Amino acid sequence: MANRKPSKSKKKKSNKKKIIVALTLIVVIILIIAIVMISIKGMWKDIIDFVNGFFQEDLPSGEQTSGNNSSGDMPENSVPNGVAQLNGAIMEMRVLDIGQGDCILLLFPDGQVMVMDIGSEFGTTSPWNVIDGALKELQITTIDYLFLTHTDYDHVRETKKLVDNYQIKNFYLPRADIETSSTWKNSYNVALNETYVEDGKTKKATINENIGAYEIKGENWVMKCYSFDEADYPSIKKNSSAENKNAVSPMCLLEYADRTIVLTGDSNEKSEKYLMGKGYFDDVDADVLKVGHHGSKSSTMPEFLDKVDCEYAIISCGADNDYGHPTPEVLKRLEDYKDIVPDDDYNGFAQVYRTDEDGTVTVQIDKEGVINLIAEENDSKNTTTGTPVNEMESGEIEQSGETAMIYGRFEIDYESLFTAA
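Taken in order, the sequence shown gives residues 177 to 597; the numbers are from this note's numbering.
Source of the hints: derived by calculation from the structure; they are not laboratory data.
One should not assume that every hint holds.
[Unchecked claim] Derived pair list, reagent style PhoX-like, types lysine-lysine, alpha-carbon separation capped at 25 Å:
hint : residue 1 : residue 2
1    : Lys446    : Lys380
2    : Lys449    : Lys473
3    : Lys345    : Lys379
4    : Lys393    : Lys543
5    : Lys557    : Lys543
6    : Lys514    : Lys449
7    : Lys413    : Lys377
8    : Lys380    : Lys312
9    : Lys379    : Lys446
10   : Lys336    : Lys379
11   : Lys414    : Lys379
12   : Lys337    : Lys414
13   : Lys413    : Lys361
14   : Lys473    : Lys514
15   : Lys514    : Lys446
16   : Lys400    : Lys312
17   : Lys361    : Lys393
18   : Lys557    : Lys514
[Stated by the list, open to error] Here are the in silico distance ranges between beta carbons for each label pair:
hint : residue 1 : residue 2 : range
19   : Asn341    : Ile516    : 42 to 48 Å
20   : Val517    : Asn396    : 24 to 30 Å
21   : Glu533    : Gly376    : 44 to 50 Å
22   : Ile208    : Tyr456    : 50 to 56 Å
23   : Asp375    : Glu355    : 34 to 40 Å
24   : Lys414    : Ile196    : 38 to 44 Å
Just so it is clear, the structure is predicted and the values come from calculations on it, not from any experiment.
Glycine residues also receive a C-beta, built at the ideal position from the N, C-alpha and C atoms.
Working from the sequences, and respecting the hints, build out all of it.
In structure tokens:
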């Protein structure tokens, strides 16, 4: 019997099956690649947050304000051990525990608010809930200053979310090509387009560049900022060296009540040498150092420590990060540091804080210059330059119904909290 040729209809069906199988395989491969890439870049939390946004009701927002409107009752047992009573207007800095990255919340004594950097590392969970939670706790809806030290992802990651959810009045930005990275491009563009409402009028946010020496001022406080001069400022592009990208981080001296906090971003040996050569840190006697570049060995050189002469150090870094931050070299420098000229302060570093071990670290300074340092996850490291409340005599604690600040910027009525012996 002669072999019969397959009919044309059977051939067509066979070809269609092959095409369907091939397309299915392509779709599966694309999905696998997408899942792997999303996992590598740590975007799952961002996607989940985005989806949840469609199903969660917005939290009721308070009246728009520029500043810190904390209110409410503090439980009697919530005053941390080791901190002192603070009086008058308070300046507060919170180095938020966001993992491997930087986000510092600054609450100025005149009610103004600054967020300095707002990022975290690739491959980590989004820290947005930490940042947003801190702002909501303080009932902040308007931010006076968003200060981005440089373009790295671990310092600018959540810029768009912040601008989408809060009003920003002023931006302080590095000068960098917007094509340096997609995250930086998005951050820069939302800054350019930001508006805020004040006194019933819509106003455009002000954009400032972090170049040269400049000051940001308020009532009884000043932040003196230093970066490369116009003529020396590195050209920051996509292929720029990590050294140059980090070096443009301004180094700032935040002064209030004769106390000084040194803010560093990811400044490194290159910028430290440049700025010291300008004489900006001559005759500085500071108190608290936010350690540069998460404790990288290329930052926080001994010569710089000698110049700023601090007694407390705070390192923002993620647990078990891939960079080995803070490095043994920097920890040894902090441990070995002693004042060149001994003064009335502690000779060397009295305490070194790390967000990977201590959680969010809070610094409070009152109008008399008393400093509280509070470790969220390690109250054994709480310290103060004043007299800790838990060491006071009961008679000292009673204040005839007057109120004073202790922690969290809440007002406490001492007569209702403590009983005289």
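Now for the hints, and whether the structure bears them out:
Simply put, Lys446 and Lys380 have alpha-carbon atoms about 35 Å apart, too far for the 25 Å limit, and the pair is violated. Between the alpha carbons of Lys449 and Lys473 the distance comes to roughly 15 Å, so the proposed pair stays at or under 25 Å and holds. Taking the CA atoms of Lys345 and Lys379, the gap is near 8 Å; set against the 25 Å cutoff, the hint holds. For the suggested pair Lys393 and Lys543, the alpha carbons sit about 16 Å apart, so the restraint of at most 25 Å is met.
Straight-line distance between C-alpha atoms of Lys557 and Lys543 comes to about 23 Å, which keeps the hinted pair within the 25 Å bound. For the hint pairing Lys514 with Lys449, the CA-to-CA distance comes to about 20 Å; that is within 25 Å, so the pair holds. The suggested pairing of Lys413 with Lys377 is violated, with an alpha-carbon distance near 37 Å, which exceeds 25 Å. Between Lys380 and Lys312 the alpha-carbon distance is near 24 Å, which keeps this suggested pair within the 25 Å criterion.
Pair hint Lys379 plus Lys446 does not hold up; C-alpha atoms about 38 Å apart against a cutoff of 25 Å. Proximity of Lys336 to Lys379 is assessed by CA-CA distance (about 19 Å); at most 25 Å being required, the pair is judged to hold. For the suggested pair Lys414 and Lys379, the alpha carbons sit about 32 Å apart, so the restraint of at most 25 Å is broken. As the CA atoms of Lys337 and Lys414 are separated by approximately 23 Å, the hinted pair is consistent with the 25 Å bound.
This hinted pair checks out: Lys413 and Lys361 have alpha carbons roughly 11 Å apart, not beyond 25 Å. Among the hinted pairs, Lys473 with Lys514 is consistent with the structure: their alpha-carbon atoms are about 19 Å apart, no more than 25 Å. Taking the CA atoms of Lys514 and Lys446, the gap is near 23 Å; set against the 25 Å cutoff, the hint holds. Restraint check for Lys400 and Lys312: not satisfied, since their Cα atoms lie roughly 28 Å apart, outside the 25 Å limit.
Only pairs whose Cα atoms come within 25 Å are accepted, and Lys361 paired with Lys393 is rejected, the gap being roughly 29 Å. The hinted pair formed by Lys557 and Lys514 meets the criterion: a straight-line CA distance of about 20 Å does not exceed 25 Å. Remark: the range hint 42 to 48 Å for Asn341 to Ile516 is upheld by a beta-carbon distance near 46 Å. Remark: the range hint 24 to 30 Å for Val517 to Asn396 is upheld by a beta-carbon distance near 28 Å.
Taking the beta carbon of each, Glu533 and Gly376 are about 47 Å apart, inside 44 to 50 Å as hinted. Checked against the hint of 50 to 56 Å, the C-beta distance between Ile208 and Tyr456 comes to roughly 53 Å, which is consistent with it. Look at Asp375 against Glu355: about 38 Å separates their beta carbons, and that is inside 34 to 40 Å. Hint check: Lys414 to Ile196, Cβ distance near 42 Å, so the stated range 38 to 44 Å holds.
When each numbered hint is compared with the structure, violations occur for hints 1, 7, 9, 11, 16, 17.
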